[in-house]
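Engineer: The hints should help you fit chains B and C onto chain A, whose structure is shown.
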Amino acid sequence: MLEVVIFYLSALIAIGGAVLMIAQRNPVASVLYLIVSLAAQAVLYIQLSALFVGALLIIVYAGAILVLFLFVIMLLNLRGEHFEGQDQKVGRITKYVLSGLFFIELVIIVRQLAIPARTDIVSAQTATDFGGVEPVAELLYTKYLFPFELTSVLLLVAVVGAVVMARREKSEKQGGV
Amino acid sequence: MTLTALAITAMIKVIVIISVALLGVAYSTYLERRLLGILQHRIGPIYAGPYGLLQPIADAVKLIFKEDFIPDNVERVTYTLAPVIMFIPALLTFAVIPVGDTITIMGHEIELVISDLNIGILYVFAITSLGVYGIVLAGWSSGSKYSLLGGIRSSAQMISYEIAYGLSIIGVVLLAGTLSLQELVAQQESFFSWYVFRQPVAFILFVVCAVAETNRAPFDLPEAEAELVAGYLTEYSSMKYAMFFMGEYANMLAVSSVATTIFLGGWQGPFLPPVLWFVIKVFLCMCVYIWIRATLPRFRYDQLMNFGWKVLFPLALLNTMVTALIKVL
Amino acid sequence: MASYAAVLIFLLLGIGLVLVTFFTARLIRPSNPYKEKNQTYECGERPFGDSWVQFNNRFYIFALLFVIFDVEVVFLFPWAVAFNQLGLFALIEMVIFIVILVFGLVYAWKKGVLKWV
Numbered sequence: 001m002l003e004v005v006i007f008y009l010s011a012l013i014a015i016g017g018a019v020l021m022i023a024q025r026n027p028v029a030s031v032l033y034l035i036v037s038l039a040a041q042a043v044l045y046i047q048l049s050a051l052f053v054g055a056l057l058i059i060v061y062a063g064a065i066l067v068l069f070l071f072v073i074m075l076l077n078l079r080g081e082h083f084e085g086q087d088q089k090v091g092r093i094t095k096y097v098l099s100g101l102f103f104i105e106l107v108i109i110v111r112q113l114a115i116p117a118r119t120d121i122v123s124a125q126t127a128t129d130f131g132g133v134e135p136v137a138e139l140l141y142t143k144y145l146f147p148f149e150l151t152s153v154l155l156l157v158a159v160v161g162a163v164v165m166a167r168r169e170k171s172e173k174q175g176g177v
Numbered sequence: 001m002t003l004t005a006l007a008i009t010a011m012i013k014v015i016v017i018i019s020v021a022l023l024g025v026a027y028s029t030y031l032e033r034r035l036l037g038i039l040q041h042r043i044g045p046i047y048a049g050p051y052g053l054l055q056p057i058a059d060a061v062k063l064i065f066k067e068d069f070i071p072d073n074v075e076r077v078t079y080t081l082a083p084v085i086m087f088i089p090a091l092l093t094f095a096v097i098p099v100g101d102t103i104t105i106m107g108h109e110i111e112l113v114i115s116d117l118n119i120g121i122l123y124v125f126a127i128t129s130l131g132v133y134g135i136v137l138a139g140w141s142s143g144s145k146y147s148l149l150g151g152i153r154s155s156a157q158m159i160s161y162e163i164a165y166g167l168s169i170i171g172v173v174l175l176a177g178t179l180s181l182q183e184l185v186a187q188q189e190s191f192f193s194w195y196v197f198r199q200p201v202a203f204i205l206f207v208v209c210a211v212a213e214t215n216r217a218p219f220d221l222p223e224a225e226a227e228l229v230a231g232y233l234t235e236y237s238s239m240k241y242a243m244f245f246m247g248e249y250a251n252m253l254a255v256s257s258v259a260t261t262i263f264l265g266g267w268q269g270p271f272l273p274p275v276l277w278f279v280i281k282v283f284l285c286m287c288v289y290i291w292i293r294a295t296l297p298r299f300r301y302d303q304l305m306n307f308g309w310k311v312l313f314p315l316a317l318l319n320t321m322v323t324a325l326i327k328v329l
Numbered sequence: 001m002a003s004y005a006a007v008l009i010f011l012l013l014g015i016g017l018v019l020v021t022f023f024t025a026r027l028i029r030p031s032n033p034y035k036e037k038n039q040t041y042e043c044g045e046r047p048f049g050d051s052w053v054q055f056n057n058r059f060y061i062f063a064l065l066f067v068i069f070d071v072e073v074v075f076l077f078p079w080a081v082a083f084n085q086l087g088l089f090a091l092i093e094m095v096i097f098i099v100i101l102v103f104g105l106v107y108a109w110k111k112g113v114l115k116w117v
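Chains as they are written, first to last, in my numbering: chain A, 1 to 177; chain B, 1 to 329; chain C, 1 to 117.
Please note: incorrect hints may appear among the correct ones.
[Stated by the list, open to error] Just some of the chain A residues that point at chain C, by a computed CB distance under 7 Å:
| # | residue |
| --- | --- |
| 1 | Ala64 |
| 2 | Gly100 |
| 3 | Leu139 |
| 4 | Tyr141 |
[Unchecked claim] In silico EDC-like links for lysine to aspartate or glutamate, alpha-carbon gap of 20 Å or less:
| # | chain 1 | residue 1 | chain 2 | residue 2 |
| --- | --- | --- | --- | --- |
| 5 | B | Lys327 | A | Glu138 |
| 6 | C | Lys35 | B | Asp116 |
| 7 | B | Lys66 | C | Glu93 |
| 8 | A | Lys95 | A | Glu105 |
| 9 | C | Lys115 | B | Asp302 |
| 10 | C | Lys111 | B | Glu67 |
| 11 | C | Lys110 | B | Glu67 |
| 12 | C | Lys35 | B | Asp302 |
| 13 | B | Lys327 | A | Glu134 |
[As the list claims (entries may be wrong)] Ranges of calculated distance between the beta carbons of each label pair, as one might list FRET restraints:
| # | chain 1 | residue 1 | chain 2 | residue 2 | range |
| --- | --- | --- | --- | --- | --- |
| 14 | B | Lys62 | A | Gln24 | 33 to 39 Å |
| 15 | A | Arg25 | B | Leu53 | 58 to 64 Å |
| 16 | C | Ile92 | B | Trp291 | 21 to 27 Å |
| 17 | B | Met11 | A | Leu12 | 20 to 26 Å |
| 18 | B | Met11 | A | Val4 | 51 to 57 Å |
Hints listed in this document are in silico derivations from the structure and should not be mistaken for laboratory results. Heads up, the beta-carbon is just placed ideally off N, CA and C, and yes, glycines get one too.
Only chain A is shown next, with the shape it has when bound in the complex:
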């Protein structure tokens, strides 16, 4: 019973947070709503016993990537008023048409998948600890070893990218504090 209540509440918060996130003019408020949404999603993962995935969502997304987002917003000094009056008519119509089309597409896909009835919500989380720390470790460091090692290369590329960017900005001699 409690499980179901928490599930629906978290699902509602996750979706509501995401909707509010894109409905904001103020980018910082968007980031905050995204954090709320991510936290609710983490609860959902934890309900599925995917403890590691839930923790990952908080540590990497909420704790690192969104901090980076905030830094970018602050660096560019984006505040709500920067987006006032940019709402041209053509743009407004396009965005509604596009999101409408996307929504229809989503509905079609969901209907085709024919998602089973939701009676198995409670039983699903007791079935396995898939997504827990040990199962992830067993898979990641044996079966998916090669993709795992490739991740480090990907991260290395990201480091190089950051370095190149830093150097370019330095050569432009920007003033700063």
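Structural biologist: Okay, now just chains B and C, sitting in the frame of chain A:
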């Protein structure tokens, strides 16, 4: 135990832990002022009550009666939310800290921890990683130059030390093979099996990073009053200011509890009841915090960043690898 | 699995506590704002210019590096937990992983990105 009984015990535990944590926060401020006084050959607060013991209450009453003016130049919503976002994660850490052995009351076995998550350490790490938001948002929303600089400085510092913070814990996890804090405590039953002895380098790294994470001296640059007035706190007053303050001390207490649990044997100890041992250890950790503040001068910002990235981070990586190597051999 | 529900109770109570405190404070504190009081603090001078100062974009680079190495730390957690079962093989693969990333760190170091100016 029935579900209702379970819910009631959980509720009681939550209320007790929150109350004790808040009391701890209040008296940490007293401890800091008294201890700093003693360390500097002063007296510290002594007039409110016997030995000045009522000082935290006097402070709380004072702060709650103060006018809370909001400067015109702030982003109101974020400005109001920031102290809450600072305080809540600090409090949340206490949800997984085991404060004592399992006790039996009226035939019910009750674990003295609110939630024995089997990913306790990851939980602590996740909560720590959220701690940066309160400060960033306070700095950004205040609409003041000092606040912005203080907030951004502080957040960059926190994220720089967070990596070494996580890596230092990994040394212990390697030996322990578990992420559950309760099991970690169980493994440290005898004095010499404390992880502070088995992972001394990790412990030192942890202490340094923890001090930096909580923005305490000598890493208290965001509050460097000589250059930044009060950093991100500049535009705050009354209860919102108090909330930041409580957040800082709650963070210190939380980190001390984590250090106690991971490295110092948690509630384990001879003769005295486990809960008392836990309190004593946390108290000693807090004293070290204050001692450090009284002793060390503040870092310069470039020194701080260099230290984090060029000393602590490689050292933590090395410690992890050496530990793993020793374990294999 | 009831343990995480206790954390949620903790969270709710914590938030409730903050709300109660704010509300009580609101009831009993005085409120007398006026123009001078509500000015942004600037050492007693009248504030000038935008409150926003352009800050060093190095902060951004450090945040980027933090994200990268944070991912690395997160990968280390399951590895450390399962190290007993995985043994020497796991050590070798993690050494490869870390060496590649340390290469990135050294690169950033040599190019002077880690130096604060």
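Engineer: Indicate, hint by hint, whether the structure satisfies it.
Structural biologist: We went through each hint and held it up to the structure:
1. Ala64: holds (4 Å)
2. Gly100: violated (34 Å)
3. Leu139: violated (9 Å)
4. Tyr141: Check passed: Cβ of A:Tyr141 comes within 5 Å of chain C, closer than 7 Å.
5. B:Lys327 <-> A:Glu138: holds (19 Å)
6. C:Lys35 <-> B:Asp116: violated (52 Å)
7. B:Lys66 <-> C:Glu93: violated (59 Å)
8. A:Lys95 <-> A:Glu105: holds (15 Å)
9. C:Lys115 <-> B:Asp302: holds (8 Å)
10. C:Lys111 <-> B:Glu67: This hinted pair is violated, its Cα atoms lying about 51 Å apart.
11. C:Lys110 <-> B:Glu67: The hint is violated at about 52 Å.
12. C:Lys35 <-> B:Asp302: Violated, at roughly 38 Å.
13. B:Lys327 <-> A:Glu134: holds (19 Å)
14. B:Lys62 <-> A:Gln24: 33 to 39 Å: For B:Lys62 and A:Gln24 the Cβ distance comes to about 37 Å; the hint holds.
15. A:Arg25 <-> B:Leu53: 58 to 64 Å: Violated, at about 50 Å.
16. C:Ile92 <-> B:Trp291: 21 to 27 Å: violated (43 Å)
17. B:Met11 <-> A:Leu12: 20 to 26 Å: holds (24 Å)
18. B:Met11 <-> A:Val4: 51 to 57 Å: Given about 20 Å between the Cβ atoms, the range is violated.
Checked against the numbered hints above, the structure breaks hints 2, 3, 6, 7, 10, 11, 12, 15, 16, 18 and satisfies the rest.
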